[in-house]
Amino acid sequence: MPIPWLSFLVFFPLAAAALIALMPRSAERSVRLWATIAAAAEFVFSLPLWWRLIPGMPHFQFEERLDWIPAIGAQYHLGVDGISGLLALLTTFMTFIAVLGAWTAVEQRGREFFALVLVLEAGMLGTFFCLDLLLFYVFWEAMLIPMYLLIGIWGGKRRVYAAVKFFLYTMAGSVLMLIAILSLYLMQKNMTGVATFDLAAFYQMPIAPAQQFWLFLAFAFAFAIKVPMWPLHTWLPDAHVEAPTAGSVILAAVLLKMGTYGFLRFAMPLFPNALQQCGPWIAWIAIIGIVYGALVAMVQTDIKKLVAYSSVSHMGFCMLGLMAMNPQGFAGSMMTMLNHGISTGALFLLVGIIYERRHTRAISDFGGLWKVIPVFSVIFLIVTLSSIGLPATNGFIGEFLVLLGASRHNMAWAVVAALGVILSACYMLWMFQRVVFGPITHEENQKLTDLTLRERLVFVPLLLLIFWMGVAPQPFLDRCQPALDRTLQLTNDRAAAAGRMVGQLRGEPASATSNLTGGGQ
Amino acid sequence: MNLVPQPSFLPVDWWALGAVITLTLGCLVLLLLEFLPAREKGNRGGIVSLLTLVIAGYSVYRVAGEKRALFEGMFVHDPLTVFFTLLFCAVGVLSVLISWDYVKRTRINQAEYYALLLSAVLGMVIMAASNDLITIFLGLELMSLALYVMVGFRRARLESSEAALKYFLLGAFASGFLLYGIALLYGATGTTNLARMGAFLGDTTVIDNPLLLIGSLLVFTGFAFKVAAVPFHMWTPDAYEGAPTSVTGFMSAGAKAAGFAALLRVLLRALGPIEAQWGDLIAVVAFLTMTVGNVTALLQNNLKRMLAYSSIAHAGYILVAVAAGGPEGAASAVFYLAVYSFMNLGAFAVLTMMGQGRDERVLVSDLAGLGFRQPLLGVALTVFMISLGGIPPTAGFMGKIYVFSTAVKHPELMWLVIAGVLNSVVSVYYYLRVTVALYMREPDGESVAISWGTPAVIALILTLAATLYLGLVPQDLWVLAQRSVSGLL
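Line order of the protein sequences matches chains A and B.
Counting along the first sequence from 1, when you hit position 402 you're at 402 in the numbering used here, and nothing is skipped either side.
Counting along the second sequence from 1, when you hit position 437 you're at 958 in the numbering used here, and nothing is skipped either side.
No lab work stands behind these hints: they were computed from the structure.
Bear in mind that the values here come from a model prediction, so they are computed numbers and not experimental data.
Cβ coordinates follow ideal geometry from the N, Cα and C atoms, glycine included.
Here are the computed distance ranges between Cβ atoms for each label pair:
#1 B/N822 - A/L419: 47 to 53 angstroms
#2 A/P206 - B/Y701: 52 to 58 angstroms
#3 A/R65 - B/G711: 53 to 59 angstroms
Heads up, simulated SDA-like pairs for lysine to any residue below, C-alpha to C-alpha not over 20 angstroms straight-line:
#4 B/K625 - B/R678
#5 A/K165 - B/V942
#6 B/K930 - A/A208
#7 B/K930 - A/T192
#8 A/K189 - B/Q1003
#9 B/K625 - B/N564
#10 A/K447 - A/Y355
#11 A/K157 - B/P964
#12 B/K930 - A/A195
#13 A/K165 - B/Y950
#14 A/K157 - B/R962
#15 B/K930 - A/A71
#16 B/K930 - A/A210
#17 B/K930 - A/G73
#18 B/K930 - A/P206
#19 B/K930 - A/F202
#20 A/K157 - B/G890
#21 B/K625 - B/L557
#22 A/K165 - B/L819
#23 A/K165 - B/R962
#24 B/K930 - A/M191
#25 A/K189 - B/V1000
#26 A/K165 - B/V947
#27 A/K447 - A/I373
Build the full structure now, drawing on both the sequences and the hints.
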């Protein structure tokens, strides 16, 4: 039996978290060192996902399958493909960065803090790896608990409100998905007689378009809250602003991607006909999110809140790319997920660093930082430009592909969404100008110290990635494109199959069938 | 199935009756022990109860695979009996453990307390093992009378007496309803034996006999009172709040499970054929029960009251399974009851440790900052709350999955399932309040003193382990629950 590598990746952080939680309270300093070592080790262990994963393989790799609850056919089934592989790498990488970045930010209860971050990492990896719907739901909801505690215990002034809101919003969405999962399970059982929650089995099960609609809505609602899509986004600014820096970084970098990943892996391939029905609506909602997020970001006075609303805008691009339903849109969406994780994660780190020094995040409290802390300012500039999507930084390729994909589907989508690109330049550069340039308006800013060695070390890999993905995105695309194409293919095939099913049932092969299959390009 | 009178008991019958016999003897021994002088520090009542419960459980477990009908089919030993007897013994053991120090520090008379606890367990066992409405009623009264006294055990406190009186008066009404229902059913079918009643209803053509309908509704009302279903839930918050905390834990787990055990058996064995006529009613009661329970729990600041309303809500979830009907619905209800017993007793184990002496500190605000000062209590209470809220990876989640996956099979119950999951979102709000207090607030004044006691900590760890284990590996209990409702006698 091969080594259960994916299980190891999921359970290593959990074990590390348990050990860290049991360390003596006096060992606060060594706790952060050990947590960093654990997160770094986890990243190193996950690195082989980059080269050992064979992109062209038509199925999931490194699969592990154990019986979990045989009474209902639930399995412990893990596997990885190009999509989840890259997102898992993003997870381990950003968790490492977040842990390293949180060294001085967490003043008390460090043991619990780092243990919870590692538990959260385990939950996120489990969510990306699992191929069993019940297991997916378990990871998906269990993940809420550590994040809730991170926001609620180490957050800002309104932390309790933000934490509870985060929990309830996400939970409200996901319980409906649970009913949908159970209904799917039941349909499978009635149709084939086999009780299973296996995703592959659901991929093969034809679902009548009429039933797809409600199931799709239940899934889409859960994922749309997580993305978050306008108008379900209101938990995000609160959670982001109140969360500690490491929490914000992980929330932005990985947790939001769970929503788009859920669409890509579950909602879209499982319910393609409902997708064709709702796709245009979702795309327009995504576009509203893009423009709305950008406009609201523009008027923010708090840097962290501005970055939070920019997330709403960027995640709108991810959703738009998915709804374009073509290879370019998918690839753009995938790249935007990665880019947003890196750029926004870096932005939250920068905000956290300046907050640690000045204990304020108001834009008006800054100005003229360029002369006082040049290293910080240069990094801030690069990250800002990458968030805008300047060519040669990572942000460009993702948004470009999304717009390309959207324009091939519907020119109007691309035209309106492009507005978001322009607006993002406005709000980011305007904020940057007010914070970094100009005269020094506050005396306290004179005494700011520049980045320490540790902080610089945090940004070295981030900057490298920003330029690498900006200049040579091909290795990333190579890894995810085959899996994305397969998902697209699967979605279209299933739409056609369901159309045929309807045709057979009604005995009218002509009109209904062609309608359903026609929209899938 | 052997319904003819048996000339003599086989050894297996003695083992099957072992639980009833042992519990009766244990109860009597406890009362007699009072005549002997006790040592100041000793806790012979607790020790005797533990031994009794363990022996009772073992006796039934030893012949777990057998099926016997005794006393002309009034008392049956079948998988459902075994499952619930073991569950009640486990609930009894855990309750004794959490009472151990609590009863001492609140100066409750120990011998009587444990004797009543054992007789309540005995009543529960009889309820689960009865295949006859008369014996069910006997068991129910035995359990209820013991509980009325236990609720009022802290005579010095006004709340305790008030709670006992309310519980007793309303409970007496409920018993009346039940008995009247039994009489009507007897009039309609000519028997009180569940198996014969089921056989009669299976053949008969006069199924729309109004006596049958009214009788079964009255019986249902009697059970609905015991399991605290809306609109028969009014006694719950007061009784739960006024009772000594350890008693609250015991009755929230045990009495509810016993009520459902009897209800399930009645439905499966006797009233199955006419359930279709009032299945919708159960669905409506289930909806009201969980909604009223959860919404009212939102407003509570007293943890005991909050858990009382939460126990109403959980009765609602279990009624969803009952509304789904059939062996599958019953199996999921059985599973949920076992899971609920463990997580709820765990939560009460924490509550019994709060405060010192006769003091009882059970406000949500009393938990402030406790999570970091007492990591074990904090983690345990958090896990129990998460589990009660039905969030993975805990046993409560598996219970909900089982119940809802059974109910989803009935398209006409879809609305109830949606209402159920949305209810669980509402419930999460007040369960989260507990974790907010534990970890995100600092105490206003002095922090609450904790009365540590080894037995209570053992109970805490056992329930914690069960809650987590059943959340990760529910397979065994799942299969047991399925077996327990197949092959009823």
